[in-house]
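Protein chains: 2
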Amino acid sequence: MSQIEQARKKIITNQMKIVALSEGVESSAIRSVIMNGSAVITRNKRHSIEPVAIGKGFRTKINANIGTSQDKCNLKEEIKKLKVAVSAGADTVMDLSTGGDVDSIRRTIISESHVPVGTVPLYQVALDAVKKGKSFVELEREEIFEVIERHAEDGVDFVTVHCGVTRGSLERIKREGRIMGIVSRGGALIAEWINYNRAENPLFENYDRLLRIAKDFDMVLSLGDGLRPGCLADATDRGQVEELIILGELAQRALDEGVQVMIEGPGHVPINQIEANILLEKRLCHGAPFYVLGPLVTDIAPGYDHITSAIGGAIAGAAGADFLCYVTPSEHLRLPTAEDVKEGVIASKIAAHAADIAKGVKGALNRDMDMARARKALNWDEQIRLSIDPGRSKAYRESSPPTDKDVCTMCGSLCAIKVTGSE
Amino acid sequence: MSQIEQARKKIITNQMKIVALSEGVESSAIRSVIMNGSAVITRNKRHSIEPVAIGKGFRTKINANIGTSQDKCNLKEEIKKLKVAVSAGADTVMDLSTGGDVDSIRRTIISESHVPVGTVPLYQVALDAVKKGKSFVELEREEIFEVIERHAEDGVDFVTVHCGVTRGSLERIKREGRIMGIVSRGGALIAEWINYNRAENPLFENYDRLLRIAKDFDMVLSLGDGLRPGCLADATDRGQVEELIILGELAQRALDEGVQVMIEGPGHVPINQIEANILLEKRLCHGAPFYVLGPLVTDIAPGYDHITSAIGGAIAGAAGADFLCYVTPSEHLRLPTAEDVKEGVIASKIAAHAADIAKGVKGALNRDMDMARARKALNWDEQIRLSIDPGRSKAYRESSPPTDKDVCTMCGSLCAIKVTGSE
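Protein sequences, first through last, are from chains E and F.
Numbering follows my numbering, with no gaps: position 151 of the first sequence is 151.
Numbering follows my numbering, with no gaps: position 81 of the second sequence is 504.
Do not rely on the hints blindly, as some may be mistaken.
For lysine-lysine, the following BS3-like pairs were computed, each having C-alpha atoms within a straight-line distance of at most 25 Å [stated by the list, open to error]:
#, chain 1, residue 1, chain 2, residue 2
1, E, 405, E, 418
2, E, 215, E, 174
3, F, 479, F, 638
4, E, 394, E, 418
5, E, 131, F, 557
6, E, 394, E, 80
7, F, 841, E, 134
8, E, 10, E, 56
9, E, 174, F, 799
10, F, 841, E, 132
11, E, 83, E, 394
12, F, 432, F, 479
13, F, 479, F, 468
14, F, 479, E, 376
15, F, 440, F, 468
16, E, 418, F, 597
17, F, 554, E, 418
18, F, 555, E, 359
19, F, 554, E, 134
20, E, 45, E, 17
21, E, 405, F, 557
22, F, 638, F, 433
23, E, 174, F, 841
24, F, 557, E, 418
25, E, 215, E, 10
26, F, 433, E, 131
27, F, 499, F, 479
28, E, 56, E, 174
29, E, 418, F, 555
30, F, 841, F, 817
31, F, 468, F, 433
32, E, 405, F, 782
33, E, 45, E, 10
34, E, 359, E, 56
Read the hints as simulated data drawn from the structure, not as lab findings.
This structure is a prediction, so every number in the text was calculated from the model and none was measured.
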């Protein structure tokens, strides 16, 4: 039985108990949000990890994308990124490998990871097509589902599936016009398949088959936003909203079948549209957890998109988004390095934490209050220990030693705490 | 005559004309916002610079703090920070020097700067006291005003003056209780002076004198928030709001006397309180420009406080804040390096730009739309040129050259633009 089915039978599963402990929430409350679909527990039956809950009432979670590409393929480097991401605070990782032996890479990452692992099987479908001497658009439906099954059997905890890119939603995009068109890789592949075959998206048409695969492994379906905007000017347009409506209907069907589901969201969104995007998702998808990519609040900052995304992610999280996909400084420019992964995770963690304080997640402010007390006491060891990245705090402070150990080299004897007296 | 007085006489000054050009706004509209105090033009009569307008209807501006400290005193390094800050996009700088010959440092920075320069004269007052063998609290009122006059005569374009720290507002802070107490250096000095002398804050009591100095040089008064919160838990408390009420009254007196004024604001503020803070300032200060420091949306991220501040600054700007003081990655740890200054300015610039898009500043989205078109066209030279930091974009891309020059090493042949066709 899936988590949802057990929840319906009033069973509190081990996974729910573990999540209850890590979130500081009653396990009966967890049962209830799993049952009504406003939260998910990401854990494939075949993957022995600590389950992670995403959704209503829980800490905002963050995901780090790792994986090889065609131009950069080094498994050791990707395993290093996995370790860096998790140690910097990533709650989940997605293996988006598209270079080398992706089956073997995925299996290694799954076995090495103590946190849930997600994938986008369509990428591998596209790579396999090339190996078979075909174009993606020439693939049979069967060949798409076969890869998704393989991922599920390997123990993938959640998969992105672009079910909402349909003939109808594509038509809407075309009619309205967009600067950037489609910027989701999976969305672009499906759109090409639809156009070439003049047929409906197999992931939409054969959605029941997807539900069966997901249910067999209690794998969470992450309904991808293949039509997400790739620039601010395209945000919240008819195509994007049409896709979200479709995803809402599909989420309901999943819930009816006892399959856990979350919804993916944009992307590039101006600050003044973020709250409306969250509200729309929560309403159109009946409260399903919302997994946002960024959002990036400007298009002009490649090299700093971890910051544009931290801004968007914090606002989204505060407004109710449940899960933030990190963005690294390398976004739009190159495959990220391990250092980029760390920067991306920390920026995203800051956004999620600030959001949790804003939305009143239990205990979220505690560490901030401890930090404030340490600052008032001029207790530098404690300030370093409480930092989101103690190593960096220590290095910065040590690089610039103050004459008076109580203060720092910015204010010296004019330190306000020193002037008024630490208590 | 000051800018305000000329505006009242329906004179459109040269400064207004220059600002009109750089903002793309009618000069008559500028006259009107200067007249009613909802915007200021920061330019001391003695400083030949391009004037910068801050306030209603204009781009959100950003300030970079530079200057020596007691532990780190190297004028050449500070001049380098000035250049780095301006070239990265700072609209103004504040010289907060507290180490070495601060008169000479200030004069050098003013003469080297093409952008408006602000200062906090109280820091120098405190340093001078030590030179005279006195404690700050033993100073006569005269000794405080003498330094402010010196700054005005040197051509400082705006000064922070902590007029709202009064016996009453201090009493409120004490009665309610705070974790961090006072964290503003100027605020702490004034509080100590008040407590020691059992007398009212000279900057409050002799405010008319301050107005006369400011008016003589058309120097903008930036009414400091000496009681700003130093941690999230202290945000928006009675002491902070009491000070803001006082600053509102003082701003009105300044406007009546033809003196330009802006209001400084927090500090450390949870995301869900930022909008209310902006609204409060706009209402209590009758629309005076709001100059916020950050705000920082969590206390636990020293080493990354440019990011916590970019989040807060973007939200504040979108809600109506007019002027963002940058925060560098070194905040809370050390005097920033030139590299920190660059990181801080760019993070703040991203926040201001994203805010301008959200609040509908004319033309704010244009560069984003150009970037979107360049991305759709796979035109990498143009993408680099349009970047907020072209050097970094170029370096990142060149560090990881793709096999196919059309794409990058993240997506390779799966690039969504490539898959769907660039047009």
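Against the structure, the hints come out as follows:
no., hint, result
1, E:405 to E:418, "holds, 11 Å"
2, E:215 to E:174, "violated, 35 Å"
3, F:479 to F:638, "holds, 22 Å"
4, E:394 to E:418, "holds, 21 Å"
5, E:131 to F:557, "violated, 82 Å"
6, E:394 to E:80, "holds, 23 Å"
7, F:841 to E:134, "holds, 17 Å"
8, E:10 to E:56, "holds, 19 Å"
9, E:174 to F:799, "holds, 15 Å"
10, F:841 to E:132, "holds, 21 Å"
11, E:83 to E:394, "holds, 21 Å"
12, F:432 to F:479, "holds, 21 Å"
13, F:479 to F:468, "holds, 23 Å"
14, F:479 to E:376, "violated, 37 Å"
15, F:440 to F:468, "holds, 16 Å"
16, E:418 to F:597, "holds, 17 Å"
17, F:554 to E:418, "holds, 19 Å"
18, F:555 to E:359, "violated, 52 Å"
19, F:554 to E:134, "violated, 82 Å"
20, E:45 to E:17, "holds, 16 Å"
21, E:405 to F:557, "holds, 23 Å"
22, F:638 to F:433, "holds, 19 Å"
23, E:174 to F:841, "holds, 17 Å"
24, F:557 to E:418, "holds, 17 Å"
25, E:215 to E:10, "holds, 19 Å"
26, F:433 to E:131, "violated, 75 Å"
27, F:499 to F:479, "violated, 36 Å"
28, E:56 to E:174, "violated, 35 Å"
29, E:418 to F:555, "holds, 21 Å"
30, F:841 to F:817, "holds, 21 Å"
31, F:468 to F:433, "holds, 20 Å"
32, E:405 to F:782, "violated, 44 Å"
33, E:45 to E:10, "holds, 20 Å"
34, E:359 to E:56, "holds, 11 Å"
Checked against the numbered hints above, the structure breaks hints 2, 5, 14, 18, 19, 26, 27, 28, 32 and satisfies the rest.
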